[in-house]
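Listed below, chain by chain, are the residues.
Protein chains: 2
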Amino acid sequence: MRAELVIVGTELLLGEIVDTNGPFIAGHLADLGIDVYYKSTVGDNLTRLQEVLSRALGRSDLVLISGGLGPTEDDLTREAVSLAAGCPLEEDAQALRWIENRFLERYGSLSAMSPLNRKQALFPQGSEVIPNPVGTAPGFWLEKQGRIVVALPGVAQELRAMFSETVLPKLRKLSGPEALIIRNLHFSGIGESSLAQLLADLIAEQTNPTLALYASGGTVRVRLAVKAASREQGLALIAPLEEEIKRRAGDYFYGVDKESLEEVVAKAFLERGLTLAVAESCTGGLIAHRLTNIPGSSGFFQRGYVVYTNQAKIEDLGVQPATLAAFTAYSPEVAREMAAGVRSRAGTDYGLAVTGIAGPGGAAPNKPVGLAYIGLACGDNTIVQRHFWKGTREQIKERLACAALQLLWKTINTGI
Amino acid sequence: MRAELVIVGTELLLGEIVDTNGPFIAGHLADLGIDVYYKSTVGDNLTRLQEVLSRALGRSDLVLISGGLGPTEDDLTREAVSLAAGCPLEEDAQALRWIENRFLERYGSLSAMSPLNRKQALFPQGSEVIPNPVGTAPGFWLEKQGRIVVALPGVAQELRAMFSETVLPKLRKLSGPEALIIRNLHFSGIGESSLAQLLADLIAEQTNPTLALYASGGTVRVRLAVKAASREQGLALIAPLEEEIKRRAGDYFYGVDKESLEEVVAKAFLERGLTLAVAESCTGGLIAHRLTNIPGSSGFFQRGYVVYTNQAKIEDLGVQPATLAAFTAYSPEVAREMAAGVRSRAGTDYGLAVTGIAGPGGAAPNKPVGLAYIGLACGDNTIVQRHFWKGTREQIKERLACAALQLLWKTINTGI
Numbered sequence: 001m002r003a004e005l006v007i008v009g010t011e012l013l014l015g016e017i018v019d020t021n022g023p024f025i026a027g028h029l030a031d032l033g034i035d036v037y038y039k040s041t042v043g044d045n046l047t048r049l050q051e052v053l054s055r056a057l058g059r060s061d062l063v064l065i066s067g068g069l070g071p072t073e074d075d076l077t078r079e080a081v082s083l084a085a086g087c088p089l090e091e092d093a094q095a096l097r098w099i100e101n102r103f104l105e106r107y108g109s110l111s112a113m114s115p116l117n118r119k120q121a122l123f124p125q126g127s128e129v130i131p132n133p134v135g136t137a138p139g140f141w142l143e144k145q146g147r148i149v150v151a152l153p154g155v156a157q158e159l160r161a162m163f164s165e166t167v168l169p170k171l172r173k174l175s176g177p178e179a180l181i182i183r184n185l186h187f188s189g190i191g192e193s194s195l196a197q198l199l200a201d202l203i204a205e206q207t208n209p210t211l212a213l214y215a216s217g218g219t220v221r222v223r224l225a226v227k228a229a230s231r232e233q234g235l236a237l238i239a240p241l242e243e244e245i246k247r248r249a250g251d252y253f254y255g256v257d258k259e260s261l262e263e264v265v266a267k268a269f270l271e272r273g274l275t276l277a278v279a280e281s282c283t284g285g286l287i288a289h290r291l292t293n294i295p296g297s298s299g300f301f302q303r304g305y306v307v308y309t310n311q312a313k314i315e316d317l318g319v320q321p322a323t324l325a326a327f328t329a330y331s332p333e334v335a336r337e338m339a340a341g342v343r344s345r346a347g348t349d350y351g352l353a354v355t356g357i358a359g360p361g362g363a364a365p366n367k368p369v370g371l372a373y374i375g376l377a378c379g380d381n382t383i384v385q386r387h388f389w390k391g392t393r394e395q396i397k398e399r400l401a402c403a404a405l406q407l408l409w410k411t412i413n414t415g416i
Numbered sequence: 001m002r003a004e005l006v007i008v009g010t011e012l013l014l015g016e017i018v019d020t021n022g023p024f025i026a027g028h029l030a031d032l033g034i035d036v037y038y039k040s041t042v043g044d045n046l047t048r049l050q051e052v053l054s055r056a057l058g059r060s061d062l063v064l065i066s067g068g069l070g071p072t073e074d075d076l077t078r079e080a081v082s083l084a085a086g087c088p089l090e091e092d093a094q095a096l097r098w099i100e101n102r103f104l105e106r107y108g109s110l111s112a113m114s115p116l117n118r119k120q121a122l123f124p125q126g127s128e129v130i131p132n133p134v135g136t137a138p139g140f141w142l143e144k145q146g147r148i149v150v151a152l153p154g155v156a157q158e159l160r161a162m163f164s165e166t167v168l169p170k171l172r173k174l175s176g177p178e179a180l181i182i183r184n185l186h187f188s189g190i191g192e193s194s195l196a197q198l199l200a201d202l203i204a205e206q207t208n209p210t211l212a213l214y215a216s217g218g219t220v221r222v223r224l225a226v227k228a229a230s231r232e233q234g235l236a237l238i239a240p241l242e243e244e245i246k247r248r249a250g251d252y253f254y255g256v257d258k259e260s261l262e263e264v265v266a267k268a269f270l271e272r273g274l275t276l277a278v279a280e281s282c283t284g285g286l287i288a289h290r291l292t293n294i295p296g297s298s299g300f301f302q303r304g305y306v307v308y309t310n311q312a313k314i315e316d317l318g319v320q321p322a323t324l325a326a327f328t329a330y331s332p333e334v335a336r337e338m339a340a341g342v343r344s345r346a347g348t349d350y351g352l353a354v355t356g357i358a359g360p361g362g363a364a365p366n367k368p369v370g371l372a373y374i375g376l377a378c379g380d381n382t383i384v385q386r387h388f389w390k391g392t393r394e395q396i397k398e399r400l401a402c403a404a405l406q407l408l409w410k411t412i413n414t415g416i
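Those sequence lines, one after another, are chains G and X.
Letter 255 of the first sequence, counting from 1, is numbered 255 in this note's numbering, and no numbers are missing.
Letter 323 of the second sequence, counting from 1, is numbered 323 in this note's numbering, and no numbers are missing.
Just chain G, same shape as in the assembly:
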């Protein structure tokens, strides 16, 4: 099956936005063994959009569209598909009721619903409506003369939810047995080039499965891909290579495929019935934010403190004024007292603390931007790690949050 992508939106041609929907869809199609031959980006212009869609329908079995389904005059995808596929637009009563219900739920009446919102219930004749679980713009799946057109809204969260819940299961049924099986192994606490060195001979010898490394925000992903007749067969081909990689770099390994560091930490705490409190200085709430993104995190995460002043460190965590005076806030001594203090104050099993300088200001002699200490307390034991990262304020926050979660994950598995 040949697919192509059409990404709609003038803002994409003005360089104001980077398209991440295309890569998201393309990645999933690759997993299904569906070849993508073209991706066309076109502005909010009916003539050009129709022209691009007509060409796509002439040469591809599957055309996936992102964007142009909103309620404004600029949103022209439904009209362009209607013209390119020769299917007049029809109002879908169920979709209209569904849009009305969303307005009723949110605003208590239909008065906030503009006449333009009604346009979102129009679909090319013969379409199957794709529900939008997280927004107001429904999508559609249209089959015409052996071609399939799928239209999804451009808002990334909506597109991802609709693709995963509705489009992917339908495509799975259509695509043949041969597939590209991909398994992602996640590592933290080791750099991309150090990991590449550990795996150098495996990287050099790769054929099927193939092996590639990708770094982002303090973690490294090792992507194993294999062509096989079934998912089981593919995973069987991947298994020995995966085992060898974990044998060499297991200390840094934390999860597989979509698993995030916060997810494996949350799972580990919930499975063991343990509790956590966090004290953050330079990460400013990011660790708490990431952990509380996980559904059910209230089962282990009890409290977070963002202590941006010395006063807060003293009053909320019981850090000794003398320790602050002797060593400054950016010291292993203060990290230790913060970790022990937050654990004791919250009465949790673990207490995690981060203190350091995220920059760009705040550096002092022997205390450069990027210097930080992570403390972790459990029972009467407290450990402290020193870190030093270069980067922007946001990069430093992100890497320290990763490092802190990695320490937490490792400690809970192997003990303090």
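Bear in mind the hints are in silico, worked out from the structure with no lab data behind them.
Remember, predicted model here, so these are calculated numbers, not experimental data.
Hints may contain errors.
One copy or two, it doesn't matter: identical chains are merged, so the pair holds either way.
DSSO-like, lysine-lysine: derived pairs with alpha carbons at most 27 Å apart [what the hints assert, rightly or not]: (1) K119 / K390; (2) K119 / K144; (3) K390 / K267; (4) K410 / K390; (5) K246 / K258; (6) K170 / K390; (7) K227 / K410.
Position chain X relative to chain G; hints supplied.
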């Protein structure tokens, strides 16, 4: 002048890479007033690449290509341009010497240079070579029958350097004084369709400046674009429209161009010398994280509390156990006590608090997922807002954080 972009590389159609070269080039072309009508992404396949380039040369004055200039068999841009433009490939002696010199500099001999590297000295007849100051792949600028083809390597660092040093100055000479001036106005606390309704006649009448709305994560951006001979003239044309938009929707307006909500909040606090403490239940640290992303935020942000248990709300914020028992944690009464409590505990000018149910679990009778209360305390006054959002856990967190920052921004400007 009409331009189009051609992005070359199979990895882009496998979803492994996000294209940032296209937005980089498109942004610069927009500044020059050059319209980009299409961006096509195509794999490393000679037939398809040639087909895409032939179509581009048939409809656009300027075709900018990224990628496919490397030394491997997969790099086919020079061949495809040669075929599409009807210009045979010729070896450029100067480029060959330049490639040889780079190998000599880097490795001390030519033995590391493969025969394929020699391919990089081939260019379509009539090309002007574009030097690569940071890599080994030169690009080219080809004019043929009134059309211009520019080919640059796909490595972002190389493309950016070559575009800025060589391509941009040449394009500036061609494009004349006319430029596209863009101004983005940011709104929060109002939906995209409601804002569109407020501005309906302005949207319908738009010509120059044009006006478009974009929604993301709880905020809406209104983009004003105008063609003018200079930036000053463009801004003068935009000014009356901007004023009219602010007159109608000023209550929701918070910033211009790259300004984020947290940035304008930070600026407002710092300018007035005020301080802030935040208590978060369902947003789980996201508000603190966003505010502490701003450099210099330690000048006004003093403390954050993530209070995921009732015990924490009582011990850290002084919420009354009786209030929790009578109204539950998800109530305006508790939001009020949290806001007043965090302000009093931290001794700050403002105290902001959010409590609610981010889901997917945790709903109770009359307390659905997405229900939340935001409290804001200043002096002896406390206000409480009710919110109800549908969405995923992360979306609800994001929208509540936006709403809380919006309330903060509005209050600090107009009083509680």
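Hints, one by one, checked against the model:
no.	hint	in the structure
1	K119 / K390	between (50 Å within a copy, 21 Å between copies)
2	K119 / K144	within (22 Å within a copy, 45 Å between copies)
3	K390 / K267	between (31 Å within a copy, 26 Å between copies)
4	K410 / K390	within (24 Å within a copy, 36 Å between copies)
5	K246 / K258	within (18 Å within a copy, 43 Å between copies)
6	K170 / K390	between (46 Å within a copy, 26 Å between copies)
7	K227 / K410	neither (33 Å within a copy, 56 Å between copies)
Consistency note: the structure conflicts with earlier hint 7 alone.
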